[in-house]
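Can you make the complete structure from the sequences, with help from the hints?
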Amino acid sequence: MVKVTVCGAAGGIGQPLSLLLKLNPQVSELALFDIVNAKGVAADLSHINTPAIVTGYQPANKEDKTAIVESLKGTDLVIIPAGVPRKPGMTRADLFNINASIIRDLVANIARTAPNAAILIISNPVNSTVPIAAEVLKKLGVFNPKKLFGVTTLDSVRAETFLAGLINVSPTSLQGKISVIGGHSGDTIVPLINATPEIARKVATLSTDQYNKFINRVQYGGDEVVKAKNGVGSATLSMAYAGYRFAENVLNSLAGKETSGSIPDSSYVYLPGLPGGKELSTKYLNGVDFFSVPVVLEGGQIKSFVNPFELLKVTNDETKLVKVALDGLSKSIDQGVAFVTASKL
Amino acid sequence: MVKVAVLGAAGGIGQPLSLLLKLNANIKELSLFDVVNVPGVGADLSHINSDATTETHLPSSKEDKTALLTALKGANLVIIPAGVPRKPGMTRDDLFNINASIIKSLAEGIAQSSPDAFVLVISNPVNSTVPIVAETLKKHGVYNPSKLFGVTTLDIVRANTFIAQLYPTDSKPTDFNVNVIGGHSGETIVPLYSVGSTGKLYEKLSEEQKKTLINRVQFGGDEVVQAKNGAGSATLSMAYAGYRLAESILKSLTSSEEVVECTFLNLVPEIKGAEEAKKLVGGLDYFSLPVKLGKNGIEEVKYEILTKISDDEKKLLEVAKEQLAKNIEKGVSFATQ
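For the protein sequence lines, the chains are A and B, in the order given.
The opening residue of the first sequence carries number 0 in numbering that gives the first Met the number 0; numbering runs sequentially from there.
The opening residue of the second sequence carries number 0 in numbering that gives the first Met the number 0; numbering runs sequentially from there.
Think of the hints as simulated: they come from the structure by calculation, not from any bench.
C-beta atoms are modelled at their ideal positions from N, C-alpha and C, and glycine is treated no differently.
Don't take every hint at face value.
[As the list claims (entries may be wrong)] EDC-like, lysine to aspartate or glutamate: derived pairs with alpha carbons at most 16 angstroms apart: (1) B/Lys-171 / A/Glu-28; (2) B/Lys-210 / B/Asp-310; (3) A/Lys-137 / A/Asp-104; (4) B/Lys-314 / B/Glu-222; (5) A/Lys-64 / A/Asp-104; (6) A/Lys-38 / B/Asp-221; (7) A/Lys-138 / A/Asp-104; (8) B/Lys-27 / B/Glu-54; (9) A/Lys-38 / B/Glu-222.
[Stated by the list, open to error] According to the in silico footprint, chain A covers these stretches of chain B (three or more CB under 8 angstroms from chain A): (10) 33-41; (11) 46-60; (12) 148-157; (13) 216-223; (14) 227-234; (15) 291-298.
[To be verified] Negatives, chain B to chain A, calculated, CB over 12 angstroms: (16) Pro-15; (17) Leu-19; (18) Ser-112; (19) Gln-164; (20) Glu-321.
Now the structure itself:
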């Protein structure tokens with residue numbers, strides 16, 4: 000009996016994401032929250048013949064706080080795609096002003112109504128919205144770092160697809176064989192493609208130019224889609240898939256299914272809250288506290304993470320990428336923290 | 000090497016449908032066609048790490064016919080969600096004028112570029128658009144009725160869900176696979192609850208409950224159109240249902256498992272069981288019935304179910320037949336004018 004709540008369910012990502020969740024037989028209740036159209040989306044999905052009972056929640060007016068509370072009551076997993084997407088020319092950071100408030104308010108509600116739920120944050124800029132969530136949860140005295148996840152899975156999905164094309168293997172075969180760490184925007188994204196020997200051998204055949212182009216493509220894959228959509232939006236379907244892939248990991252862990260042997264999916268997490276996390280941050284990350292690392296899940300939360308610097312192969316080139324990433328990350332994290340400090344909850 | 004083409008890939012149904020297809024391991028190539036926005040949808044989907052490659056096709060102008068032909072080249076299966084959706088108060092028939100022309104020109108493209116493909120028609124009103132496709136393919140001398148499917152799967156999906164909702168502690172929607180026959184709109188939809196695994200549960204319902212249940216399956220589409228309040232009609236559940244039929248057809252192509260699905264088909268003598276079925280449905284040329292799927296498409300119409308239905312269901316069938324005859328005629332006339 001697992002209840003999942005989607006905040007932003009009627010949006011471009013929210014709708015296909017909610018469809019994929021409705022198709023998962025492990026979900027017994029699916030609560031769809033949005034400020035508009037949630038009831039229509041819920042009516043649509045409710046007709047699908049899978050077990051999850053689907054309910055739509057939308058506020059009757061700006062002051063109505065009951066809809067969000069009802070959608071969160073008793074929930075085990077909250078996934079948040081809410082917010083505005085990029086237009087051509089915008090960076091994820093440009094979304095900060097609008098999305099920061101949305102996340103702050105949603106997470107405050109989660110803290111008050113469903114403090115034990117796992118929280119998956121898709122809303123950009125993830126590098127800042129996750130620290131915002133952490134600060135809100137801390138302020139309200141319910142922060143559990145093992146249950147706060149920034150969703151970076153789309154970077155892994157892109158790395159698997161783009162690398163597969165370059166080294167001539169099937170994209171599905173790379174899942175679990177490479178990893179993406181760091182943050183979730185531009186040069187804070189660090190693909191680690193030498194972790195599995197058989198793949199590292201093929202990677203070694205790439206020219207410097209091919210390698211650099213690959214890195215650039217993974218880092219700016221989001222921009223590629225924003226451009227192709229020409230003002231209509233950003234990645235929705237691939238983001239729904241990626242968000243679902245990570246949510247499925249969490250749901251599987253709730254059902255007692257073990258994370259498979261190969262490299263698990265990464266998530267952008269608060270390291271000092273995890274065993275060995277402070278040490279990783281101090282030794283390898285110049286004290287940066289939020290970083291995406293592969294995570295092993297158990298019972299709906301993080302059991303441990305895979306220290307990439309000690310357990311995966313990190314090349315010199317990749318170490319340089321990490322250095323650049325840390326710069327961008329510390330600024331974004333500070334911005335998120337400062338936002339909450341200045342906010343009233 | 001299965002290539003699937005989606006015509007209308009950037010629409011409300013097309014996008015989630017294309018996502019589900021992109022995730023299907025049996026599909027090697029996914030070809031996306033639409034008149035707007037399809038390059039963006041294609042770029043988005045192309046990032047997903049499943050093995051299907053994606054290609055997009057957008058006409059450069061209203062006159063450009065090549066994009067459609069290229070999209071369809073080599074396609075083994077073509078699925079068509081293209082067209083406009085209903086607004087509150089509209090029937091599927093109200094869509095006829097716009098969608099009939101769209102379907103006709105898409106069928107012309109199929110006739111030229113992929114005449115051997117399986118064709119799955121989602122665009123409403125299905126009762127009329129399927130005959131339009133058939134007549135258009137006939138005109139070009141490439142018509143194979145075993146490969147033409149009107150997608151009615153959403154009615155089956157709804158029928159399963161709605162009866163499970165009446166017995167929440169005793170059942171789940173996945174327990175059932177109700178046969179829904181007839182057509183794909185309002186009273187042409189005939190759920191056969193008395194037959195199969197729902198028989199006992201259906202019998203326990205009061206007359207009032209039975210009526211409400213039947214009505215809900217028949218007007219489930221309206222329920223969603225109302226709930227969406229002008230924002231559209233069923234998209235996500237339709238994407239799922241369309242995907243389910245495509246997946247069943249692909250399964251019947253790649254495995255020896257017997258696959259049976261209800262679909263709106265042309266009852267012609269070439270298809271085993273179709274003549275018998277036609278006699279039992281008052282001579283209608285098109286009707287939705289359970290069919291056995293195989294490597295060449297529809298292998299057999301399982302018409303026997305028509306002899307097992309209840310008296311009430313016979314009455315529903317009479318109403319359905321009347322309306323369906325008109326819908327079919329409308330489609331045939333449009334295509335042959």
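Results for each hint:
1. B/Lys-171 / A/Glu-28: Satisfied, since the Cα-Cα distance of roughly 13 angstroms is no more than 16 angstroms.
2. B/Lys-210 / B/Asp-310: holds (14 angstroms)
3. A/Lys-137 / A/Asp-104: holds (14 angstroms)
4. B/Lys-314 / B/Glu-222: violated (24 angstroms)
5. A/Lys-64 / A/Asp-104: Holds. A/Lys-64 to A/Asp-104 sits at ~11 angstroms (cutoff 16 angstroms).
6. A/Lys-38 / B/Asp-221: Cα-Cα ~14 angstroms, so holds.
7. A/Lys-138 / A/Asp-104: Holds - the C-alpha atoms of A/Asp-104 and A/Lys-138 are around 13 angstroms apart, at most 16 angstroms.
8. B/Lys-27 / B/Glu-54: holds (11 angstroms)
9. A/Lys-38 / B/Glu-222: holds (11 angstroms)
10. 33-41: Per the Cβ count (5), the hint holds.
11. 46-60: holds (count 5)
12. 148-157: holds (count 3)
13. 216-223: Per the Cβ count (3), the hint holds.
14. 227-234: holds (count 6)
15. 291-298: The restraint on the stretch 291-298 of chain B is violated, since only 0 of its residues have a Cβ under 8 angstroms from chain A and three are required.
16. Pro-15: Violated, since 5 angstroms does not exceed 12 angstroms.
17. Leu-19: violated (8 angstroms)
18. Ser-112: holds (25 angstroms)
19. Gln-164: Its Cβ does come within 12 angstroms of chain A, the nearest being 9 angstroms, so this is violated.
20. Glu-321: B/Glu-321 clear of chain A: closest Cβ-Cβ about 27 angstroms, beyond 12 angstroms.
Hint compliance for this structure: hints 4, 15, 16, 17 and 19 are broken, all remaining hints hold.
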